[in-house]
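Undergrad: Counting in numbering that gives the first Met the number 0, the sequence shown runs without a single skipped number right up to 423 at its last residue.
Calculated from the structure, these hints are not laboratory results.
No experiment lies behind these values; they were computed from the predicted model shown.
One or more of the hints may lead you astray.
Here are the computed distance ranges between Cβ atoms for each label pair [as the list claims (entries may be wrong)]:
1. Pro200 with Asn153: 50 to 60 angstroms
2. Asp236 with Lys370: 41 to 51 angstroms
3. Met383 with Leu94: 24 to 34 angstroms
4. Asn270 with Tyr362: 35 to 45 angstroms
5. Leu60 with Lys369: 45 to 55 angstroms
6. Asp349 with Lys285: 39 to 49 angstroms
7. Lys325 with Asn270: 40 to 50 angstroms
8. Leu203 with Ile52: 16 to 26 angstroms
9. Asn270 with Phe206: 15 to 25 angstroms
10. Ile249 with Pro200: 23 to 33 angstroms
Computed cross-link-like contacts, EDC-like style, restricted to lysine to aspartate or glutamate with a CA-CA straight-line distance of at most 20 angstroms [said to hold, decoys possible]:
11. Lys319 with Asp349
12. Lys187 with Glu170
13. Lys273 with Asp236
14. Lys319 with Asp331
15. Lys323 with Asp349
16. Lys273 with Glu245
For each residue, glycine too, the CB sits at the ideal point set by N, CA and C.
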Amino acid sequence: MKNISSYKLFNNFNSYHIFMFFMVSVIFFLNINHLSEQSIYQNTYLPLANSLIENFSYTRLNEFSDTYPMWGYPILLSLFQYFGSAESIFFFQYLLAIISLIIYFDISKEFSMNKRILSDIIFFFYTMILSVKWPDAILAFCLMKFAYSHINKNFIIAAIFLGIAYNFRSEALFFLLFYIFYIIITEKNVKTSLALFFICPWILFQFYNHGSFIPTATNSGGVLYISLGQLPNNKWDRIHLDEEAEKFVILQSNGNIIDPWSYQGSQILTNQFKKDIYQHPFEFIKKTVYNTFSILKGGVYRLEPHHIFMDHSQSQFLIKHYRKNKSELIRDSLMFNKNAISITSLIILDIFSKIFFFFLLVYCSYLVYKKYIPITNIFLFLVMIQMSICILIQYQPRHISHIIILFIFMLMNNEISLKTLVKN
Numbered sequence: 000m001k002n003i004s005s006y007k008l009f010n011n012f013n014s015y016h017i018f019m020f021f022m023v024s025v026i027f028f029l030n031i032n033h034l035s036e037q038s039i040y041q042n043t044y045l046p047l048a049n050s051l052i053e054n055f056s057y058t059r060l061n062e063f064s065d066t067y068p069m070w071g072y073p074i075l076l077s078l079f080q081y082f083g084s085a086e087s088i089f090f091f092q093y094l095l096a097i098i099s100l101i102i103y104f105d106i107s108k109e110f111s112m113n114k115r116i117l118s119d120i121i122f123f124f125y126t127m128i129l130s131v132k133w134p135d136a137i138l139a140f141c142l143m144k145f146a147y148s149h150i151n152k153n154f155i156i157a158a159i160f161l162g163i164a165y166n167f168r169s170e171a172l173f174f175l176l177f178y179i180f181y182i183i184i185t186e187k188n189v190k191t192s193l194a195l196f197f198i199c200p201w202i203l204f205q206f207y208n209h210g211s212f213i214p215t216a217t218n219s220g221g222v223l224y225i226s227l228g229q230l231p232n233n234k235w236d237r238i239h240l241d242e243e244a245e246k247f248v249i250l251q252s253n254g255n256i257i258d259p260w261s262y263q264g265s266q267i268l269t270n271q272f273k274k275d276i277y278q279h280p281f282e283f284i285k286k287t288v289y290n291t292f293s294i295l296k297g298g299v300y301r302l303e304p305h306h307i308f309m310d311h312s313q314s315q316f317l318i319k320h321y322r323k324n325k326s327e328l329i330r331d332s333l334m335f336n337k338n339a340i341s342i343t344s345l346i347i348l349d350i351f352s353k354i355f356f357f358f359l360l361v362y363c364s365y366l367v368y369k370k371y372i373p374i375t376n377i378f379l380f381l382v383m384i385q386m387s388i389c390i391l392i393q394y395q396p397r398h399i400s401h402i403i404i405l406f407i408f409m410l411m412n413n414e415i416s417l418k419t420l421v422k423n
């Protein structure tokens with residue numbers, strides 16, 4: 000594959016490129032008032048960013064430095080806040096989407112028409128997750144750059160992008176460690192181990208402040224604890240809400256610990272999670288089966304365009320109302336009621352995201368079965384790691400969206416051999 004710098008995009012600009020640039024821009028505009036994870040953005044990421052600027056410390060509620068969340072996104076926000084406004088992160092992520100699009104043009108230029116249409120849709124869903132102010136967007140971009148670097152056999156650069164991604168979301172640590180092991184085994188290249196440098200600052204910072212080895216963010220205990228609540232009518236009487244973890248930690252610590260995401264809170268919740276599994280192992284198996292079906296039918300993250308016209312409480316009310324009164328929804332949409340039209344578009348997009356992702360899983364499984372995609376493919380490995388995390392721990396549509404861009408690189412195995420691709 001030719002290096003992206005040698006791809007003369009603007010000398011070959013055509014209607015297809017214009018259409019793709021237009022669609023990426025529309026996706027960002029429609030999602031400018033997105034609400035997913037915005038309570039965390041407002042109440043966690045921004046305060047930490049302000050703490051970095053004002054006190055050069057990484058603390059929000061605790062006396063010592065926070066161990067949750069990973070510091071990558073707050074650091075980015077603090078930089079934008081220092082030079083103007085933290086809200087500029089939205090336009091920075093738009094720039095990342097455009098850079099991704101230019102890379103994608105280079106990747107997909109060898110694709111057949113059918114494969115291009117399929118990969119275009121994948122890229123649109125990738126763009127959707129980049130349009131939200133959350134660390135998942137940066138992780139997704141790092142995965143894009145990782146995959147592109149790996150395809151070009153720049154293994155060290157690929158590992159470095161996974162190392163960078165680790166500072167935004169903890170699960171990237173699994174990706175990085177597995178990738179280093181994979182390259183050492185398959186390519187006899189130990190230089191990728193240099194990327195472990197990117198995980199050292201967080202570990203050393205936390206050891207200095209807490210005297211403990213803390214390799215990831217300490218929300219893991221809370222996630223484990225409340226994730227059992229994803230199984231309906233479970234024997235633990237657990238509900239999948241953050242408040243459940245908070246109440247339990249306060250109760251168990253007699254009010255001495257109020258932050259369930261702290262190091263101490265995470266230990267309490269992790270220990271309880273282990274007890275829960277020991278007491279009801281079959282119930283945990285049922286939970287993993289339930290999460291598997293949730294992945295198959297749940298789809299990936301999709302736009303929230305209805306928030307352009309209405310606030311969160313209004314949208315939640317109308318969604319529930321119209322789901323019970325579908326005929327009224329159709330009638331109001333035909334009467335050009337903007338709220339009804341936006342809810343209709345939301346429902347259609349939600350259904351399409353679920354159908355499309357299910358089709359994608361079936362299609363890729365077929366390619367693996369036919370050996371068009373080898374079982375040893377690195378992108379397949381990473382997809383399976385993320386899906387396993389969702390099955391065993393917690394499933395949310397955005398967790399699957401992290402790795403959707405890797406499907407494009409998986410599809411390349413069925414289009415043209417990797418050796419030919421690299422030679423060109």
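Undergrad: Can you list which hints this structure breaks, lowest number first?
TA: 1, 6 and 12
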